[in-house]
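Protein chains: 2
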Amino acid sequence: MTAIITAFERSPDRGRGLARDMRVRWALEEVGQLYEVRFLSFRAMREPLHLSLQPFGQIPTFEEGDLALFESGAIVLHIAERHGGLLPGDANARSRAIAWMFAALNTMEPQIFDRSLATILERDQPWYEQRLQALESIIRKRLGDLSRRLGEADWLDGAFSAGDLLMVTVLRRLHGSGLLEEHPNLAAYVARGEARPAYRRAFAAQLAVFAAASAG
Amino acid sequence: MTAIITAFERSPDRGRGLARDMRVRWALEEVGQLYEVRFLSFRAMREPLHLSLQPFGQIPTFEEGDLALFESGAIVLHIAERHGGLLPGDANARSRAIAWMFAALNTMEPQIFDRSLATILERDQPWYEQRLQALESIIRKRLGDLSRRLGEADWLDGAFSAGDLLMVTVLRRLHGSGLLEEHPNLAAYVARGEARPAYRRAFAAQLAVFAAASAG
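As they're listed, the protein sequences go chains E and L.
FYI, in our numbering the residues of the first sequence are 1 to 216.
FYI, in our numbering the residues of the second sequence are 1 to 216.
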């Protein structure tokens, strides 16, 4: 069945694959499910039609038959549960992979996302340097913990899973900050994710949208 | 099977049920699973034994037979999948309930948690008022969206689910801020969660720990 997802008509990240539809595109590419994309302007995201699908007026959403879902983490988990390849078969290993999904979104992402936002919105504030240092101090602690746990392994817990998929999309937001490079095993981990054929297809697809919108 | 969870030896919230073990206790009480608690000092949370269970040195963890899990969201989902009462039987409704779990932790919690932290750690900083206003502006927008979606319903999507359980624990952190009271349906929603017998048992259990630690 072809899924329908929503994405920014013109992504504020200029096609760098940081918008949250990237996670869903990547998951769909990993499992080989066909999908179509409905593009939304910022205005359309606050209209009743979209709010009926996504109460907070965000992207992405996911529609498949009579199911409508929101929250990128929940969508990736739904795809992983319906198709092979993103969650282990063993029940305990499956629960642990899901723990890494939550760790990516609830333990790693908030400060990493705040840091991105601060570098855009608070750069001219008198407190900017101090705020950035406070955020980077928490991010460094978390990256240190994550690096220690990953060690020499390719992925966080056995084979590549939906937990790795979300973690890589979260860590990618640190590109250019220098923070990732302090842990060569984490930088290699992110590069390993970005080298997957499914990732590359998903990345190319979202970049093509931005390029077309900019040319148009 | 009796589960073993970890919690603060002396919770920094002084027994108000804001530490993340509260979610897990509540879920275990809802499904009627017995559990024991291992209490940790802040020092013990950074020792190798605990880091082997929880790479980021946080609480709670969850052990059951040969399964060890971390991340409160993943633990609640695991409990909900193994027992009845926290997820609908219908597959689509189940995916939607899980979407609310992610919405609670990834869309609602970050700024609500940051606001709590800022009122403690940043009160004397020159940016405090502006930072608080920025956080509350986002929180207000999200609460408005959530209030509109909830409407007159008791719970977010049909019967009480793990999505409501997590959302109530996240919104509770706004007690005392005045923000929840701007939406009477959300204040009533939180009160409805807090009135559940399973919630009350879980709350009493964590409060007893704090009271004993303070008396000792």
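Since the hints were derived computationally from the structure, they do not count as laboratory data.
A virtual CB, placed ideally from N, CA and C, is assigned to each residue, including glycine.
Please note: incorrect hints may appear among the correct ones.
[Said to hold, decoys possible] According to the in silico footprint, chain E covers these stretches of chain L (three or more CB under 8 Å from chain E):
| no. | segment |
| --- | --- |
| 1 | 105-114 |
| 2 | 142-148 |
[To be verified] 25 Å max Cα-Cα, derived SDA-like pairs, lysine to any residue:
| no. | chain 1 | residue 1 | chain 2 | residue 2 |
| --- | --- | --- | --- | --- |
| 3 | E | K141 | E | R115 |
| 4 | L | K141 | L | R123 |
| 5 | E | K141 | E | R173 |
| 6 | E | K141 | L | E47 |
| 7 | L | K141 | E | A118 |
| 8 | L | K141 | E | F113 |
| 9 | E | K141 | E | S214 |
| 10 | E | K141 | L | R43 |
| 11 | E | K141 | L | L135 |
| 12 | L | K141 | E | P184 |
| 13 | E | K141 | L | L51 |
| 14 | L | K141 | E | R43 |
| 15 | L | K141 | E | E9 |
| 16 | E | K141 | E | P197 |
| 17 | E | K141 | L | A44 |
| 18 | E | K141 | L | E9 |
| 19 | L | K141 | E | L121 |
| 20 | L | K141 | E | A44 |
Now for the hints, and whether the structure bears them out:
A count of 7 residues in the segment 105-114 of chain L with a Cβ less than 8 Å from any Cβ of chain E is obtained; the coverage claim is therefore met, three being the minimum. Counting residues of the segment 142-148 of chain L whose beta carbon lies closer than 8 Å to any beta carbon of chain E gives 4, which reaches the threshold of three, so the coverage claim holds. Distance hint between E/K141 and E/R115 is fulfilled; the C-alpha atoms sit about 14 Å from each other, no more than 25 Å. For a cut-off of 25 Å, the pair hint linking L/K141 to L/R123 stands: about 23 Å separates their Cα positions.
A hinted pair counts as satisfied when its Cα atoms are at most 25 Å apart, and E/K141 with E/R173 qualifies at roughly 17 Å. Distance hint between E/K141 and L/E47 is fulfilled; the C-alpha atoms sit about 15 Å from each other, no more than 25 Å. For the hint linking L/K141 to E/A118, the alpha-carbon distance of about 19 Å falls within 25 Å, and the restraint holds. A C-alpha spacing of about 18 Å is found between L/K141 and E/F113, which places the hinted pair at or below 25 Å, so the restraint holds.
Among the hinted pairs, E/K141 with E/S214 is inconsistent with the structure: their alpha-carbon atoms are about 38 Å apart, more than 25 Å. Between E/K141 and L/R43 the CA atoms are separated by roughly 16 Å; this keeps the pair inside 25 Å, and the hint holds. Distance check on the hinted pair: E/K141 and L/L135 sit about 23 Å apart at the alpha-carbon level, within 25 Å; holds. Of the supplied pair hints, the one linking L/K141 and E/P184 is violated, its CA atoms being roughly 39 Å apart against a limit of 25 Å.
For the proposed pair E/K141 and L/L51, the alpha carbon gap of about 13 Å is at most 25 Å, so the pair holds. In summary, the hint linking L/K141 to E/R43 is supported, as the alpha carbons are separated by about 16 Å, within the 25 Å threshold. Straight-line distance between C-alpha atoms of L/K141 and E/E9 comes to about 22 Å, which keeps the hinted pair within the 25 Å bound. Between E/K141 and E/P197 the CA atoms are separated by roughly 31 Å; this puts the pair beyond 25 Å, and the hint is violated.
Proposed proximity of E/K141 and L/A44 is supported: the alpha carbons are some 17 Å apart, at most 25 Å. Between E/K141 and L/E9 the CA atoms are separated by roughly 22 Å; this keeps the pair inside 25 Å, and the hint holds. Taking the CA atoms of L/K141 and E/L121, the gap is near 18 Å; set against the 25 Å cutoff, the hint holds. With a C-alpha separation of about 17 Å, the suggested pair L/K141 and E/A44 falls inside the 25 Å cut-off, and the hint holds.
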